[in-house]
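Peer 1: Chains as they are written, first to last, in this note's numbering: chain Y, -6 to 342; chain A, 7 to 85; chain U, 359 to 481; chain W, 2 to 427.
What the hints contain is simulated information worked out from the structure, not anything from laboratory work. The C-beta atom is built at its ideal place from N, Cα and C for all residues, glycine as well. Be careful, since some hints might not be right.
[Said to hold, decoys possible] Derived contacts from chain U toward chain W, CB cut-off under 7 Å, selection only:
id	residue
1	S390
2	Q393
3	H411
4	V417
5	T450
6	L465
7	I480
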Amino acid sequence: MSKLRVVHYINQFFAQIGGEEMADYKPEYREGIVGPGLALQTAFGEEAEIVGTVICGDSYFNENLEKATAEVLEMIKAAKPDLFIAGPAFNAGRYGVACGTITDAVKKELGIPALTGMYVENPGADMFKSSVYIISTKNSAAGMRDAAPKMAKLGLKLAKGEKVGASCEDGYIPNGIRVNLFEKERGSKRAVKMLLAKINGKPFTTEYPMPDFDRVPPCPAVKDIAHAKIALVTSGGIVPKGNPDHIESSNATHYGKYDIEGVDDLTSDTYATAHGGYDPVYANEDADRVLPVDVMREFEKEGKIGSLYRYFYTTVGNGTAVKSAKAFAAEFSKELVADGVQAVILTST
Amino acid sequence: MVKEIERAGIPVVHICTVTPISLTVGANRIVPAIAIPHPLGNPALTAEEEKNIRRKILETALQALSTEVTDQTVFEVKY
Amino acid sequence: MLERMVVFTNNPMVRDALSQRDGCKVHYAPVSYRQILCLARDAVHQGHKLLTHPLSGSVKPGETPYKSVAVSQEKGLLDLPSLSLIENSIVTCDKFPIRSKSKDPSLQEDFQLVDLSLIMSIF
Amino acid sequence: MKLELGYIHIHDIQLAAASKVENGVLYVDAEAVKKLVLEDEQIASVEVEVAHPGESVRITPVKDVIEPRVKVEGPGGMFPGVISKVDTVGSGKTHVLKGAAVVTTGKIVGFQEGIIDMSGVGAQYTPFSKTNNLVLVVQPVEGLKQHDHEHAVRMAGLKTAVYLGELARSLTPDETETFETLPLKESMDKYPELPRVGYVQMLQSQGLLHDTYVYGVDAKRIIPTVIYPTEVMDGAIISGNCVSACDKNPTYVHQNNPIVHDLFAQHGKTINFAAMVITNENVYLADKERSSNWSSKLCEFLGLDAVIISEEGFGNPDTDLIMNCRKITEKGIKTVIVTDEYAGRDGSSQSLADAHSSADALVTGGNANQVITLPKMDKVIGTEDYVGIIAGGWDQNKHEDGTIDVEIQAITGATSEVGFNYLSAR
Chain Y
-6 MSKLRVVHYI NQFFAQIGGE EMADYKPEYR EGIVGPGLAL QTAFGEEAEI VGTVICGDSY
54 FNENLEKATA EVLEMIKAAK PDLFIAGPAF NAGRYGVACG TITDAVKKEL GIPALTGMYV
114 ENPGADMFKS SVYIISTKNS AAGMRDAAPK MAKLGLKLAK GEKVGASCED GYIPNGIRVN
174 LFEKERGSKR AVKMLLAKIN GKPFTTEYPM PDFDRVPPCP AVKDIAHAKI ALVTSGGIVP
234 KGNPDHIESS NATHYGKYDI EGVDDLTSDT YATAHGGYDP VYANEDADRV LPVDVMREFE
294 KEGKIGSLYR YFYTTVGNGT AVKSAKAFAA EFSKELVADG VQAVILTST
Chain A
7 MVKEIERAGI PVVHICTVTP ISLTVGANRI VPAIAIPHPL GNPALTAEEE KNIRRKILET
67 ALQALSTEVT DQTVFEVKY
Chain U
359 MLERMVVFTN NPMVRDALSQ RDGCKVHYAP VSYRQILCLA RDAVHQGHKL LTHPLSGSVK
419 PGETPYKSVA VSQEKGLLDL PSLSLIENSI VTCDKFPIRS KSKDPSLQED FQLVDLSLIM
479 SIF
Chain W
2 MKLELGYIHI HDIQLAAASK VENGVLYVDA EAVKKLVLED EQIASVEVEV AHPGESVRIT
62 PVKDVIEPRV KVEGPGGMFP GVISKVDTVG SGKTHVLKGA AVVTTGKIVG FQEGIIDMSG
122 VGAQYTPFSK TNNLVLVVQP VEGLKQHDHE HAVRMAGLKT AVYLGELARS LTPDETETFE
182 TLPLKESMDK YPELPRVGYV QMLQSQGLLH DTYVYGVDAK RIIPTVIYPT EVMDGAIISG
242 NCVSACDKNP TYVHQNNPIV HDLFAQHGKT INFAAMVITN ENVYLADKER SSNWSSKLCE
302 FLGLDAVIIS EEGFGNPDTD LIMNCRKITE KGIKTVIVTD EYAGRDGSSQ SLADAHSSAD
362 ALVTGGNANQ VITLPKMDKV IGTEDYVGII AGGWDQNKHE DGTIDVEIQA ITGATSEVGF
422 NYLSAR
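Based on the sequences and whatever the hints tell you, model everything.
Peer 2: Take a look at the structure:
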């Protein structure tokens, strides 16, 4: 069998072009191995060959996200790889975001097996761990020796279409997909060991982390609410009557964005709820009970607020998987920022 | 959802019937609502009374948005 | 001591067993397992308290078509533990696919009997 | 309370003209076993079969698995309150036919479940592919009601295990092990430096096919209480739980509770394994509040520093598990919980029906929804008729070549929530 073809992505620093001052470096394709690719090649042995390396500056990539992604994708596509590896980015934030973005794009758009590696606290890890395999590395380049064999091993598995093991077996950052494995010790013994660690204040790793309850620090208050542009968002599933976008009653796969220019009041003839999570009778009688457009319009006229944003966003709240709800909100928040919205009123049932 | 909006840099007030859930999902400015099937209304009241309640809740929401907070804060509505 | 209750059920065996019981109103509806949970949820939203666990029994949602859930007849302020329990239960129910064997006529009596036994275990 | 277990290692079971144990072989007079089982007028017929590790044999639907033991010294007898009188057991000497098990099978309801494969991929998932199994295939008399049927099969298994255990009474054990739990004050005086550790065991207690018995008492009728860990080694807790094969605790697992054993392994060295508390998992929510209040109160009263909490089942018991974990943690006691997961076939769903931040140290028996393909077996003890109906089986899961796709929740003991198995998930 011929060797698998691998394309590797690294930033300007690891290509030894330069540090921050060279971070604007535009994407470039070089034949063969560059820099840390050597360690990967050693780990691949005879099974795979790094045929080319894409180099791109971190600033260039992050400041020209769409353009840079397209350019890099084109270079990768042309090299016809069987496997794509980015990084590892260790604890470098912008490098991590670049590695995650491009790995995700290669997987989704080119359909080529792809993975990357980074330190678990790299912001790119949280952003991409559920969409691509990210090998968990140490927080500095000193971790390359550790990371290369893991990346090569998982890379070969992906390229050959073999079954991927549990995160602790194949060394990737847990991605929310639960995979079974046989442990060397039975569960009761693992429980006793974990308890001993807990008693003695030593570190231990739970086998199933509870859903995380992370916090975001509060944004500063709105200085002049009477002149602020305010948007209404609801997880109560209010939609124009007839549910034109067919928002599902639970586990919705998309969210709604609706124009309320000239709408002063939501009535039973015009709006209803698509939410399957509560008795819809009251919201269908008067959707202002969930999405208070009527009062917001009065506030607008009275000068209590500057203006009501032209669109409202709607989702169906608790039925929707936390993951997709987060993704929806991240997406429409960008639009809100771009349109100069200064505050949001989010209503939930 | 509330966290993602706040993360984007826009202050958000969460009007929510079940404030403990709102606390769990990480909202920083919280205004309690009336009831799950009708958070900003009450079908037992007349239309006028109902709208009055809705105004009070939203006035509290505007006040919450105009108030600096350092931690999760529940703004009670004064009916 | 048990509170006065309303039992939402789609199980005719439960309907028959509890219809004459003191302190017990039966709300029988020939609907799906999930819809019984939704009826209980709507009652919780109105301020009734959940009295039994919505996911009682080890026969998973989708495997048995029968479900019986008791809520308090008394109505008060929204009960938060009841709310989180019923909402979580519906989310959990939704992750189990409906198995066609759940509709097998030869199994209905057994499914009904186990569901009956689960709700009778509280008396 | 001090108990010595004397293990007689059994590496083979054979049917023979007379029952005896010789050179590690358990010879069983099948006729004698049948006669014993048929004393119960509710049972119409019983077949006695043997399944050895490595054979191309499938046992299904499995109801219970029981280890043959006999009390040779000390008060009481095996399965107190059920087979023997209600004397307090757990002290003296008990002999064990280690490596042998009685397995009961029979259709009680149409979705009866439980698979034990003695070889192939399925064997990796069940601990009972490693034991030599004497299998009872029990047929009830016509028209027997499900409650009575369940009781009859349960008793048939226990009686047979006691009958076989008797064969070990006068034997010299190949190996012995001693377990001792001291009364509260003595225990504190003896190990003043060691952290006091307890075990809180949650028992399935929801109704027909979901029951557990403690000294013969239906566990849904108990208030959480303290039990010496050695009492369970003498059969103080038995299983009437036949749904959810992967994570129910068969009687064998109660007798050999692995958390008890692994805590004893550390006892006097790194910890003082001071107490065991049993509690239940009732359907009525007020019972849950009461039971978790009591379990946490007992842990506090016993002066425990840390506990392991084990669950049995899914859904309803998740609520008890989280209540116990939260309330015990609130008492300032450190906790580790043991459970399993229903994360969907692709592993992407929320694993537990309830969650709380206090549950920060969790051991899992794995995702019960994982699908595996079981090979065709040369011999089936019982019947495969229900494999498509059992929890974890589904429609059209039997292929033309005789292989069957099942979720591992159909396999007896696959995702044990007392950590009896090696399976886990990440």
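Peer 1: Are the hints correct? Go through all of them and say.
Peer 2: Checked hints:
Using the Cβ-Cβ criterion of 7 Å, the hint placing S390/U at the interface with chain W is not satisfied: the shortest such distance is roughly 17 Å. With its C-beta approaching chain W no nearer than about 18 Å, Q393/U sits outside the 7 Å limit, and its interface hint is violated. Proximity of H411/U to chain W holds as hinted, the smallest CB-CB distance being about 4 Å (cut-off 7 Å). Annotation: V417/U was flagged as interfacial toward chain W, and the flag holds, the nearest CB pair being 6 Å apart, inside 7 Å.
The beta carbon of T450/U is positioned within 7 Å of a beta carbon in chain W (closest approach about 4 Å), and the interface hint is therefore held. The beta carbon of L465/U comes within 4 Å of a beta carbon in chain W, closer than 7 Å, and the hint placing it at the interface holds. Of the supplied interface hints, the one on I480/U holds, with its beta-carbon coming within about 4 Å of a beta-carbon of chain W, less than 7 Å.
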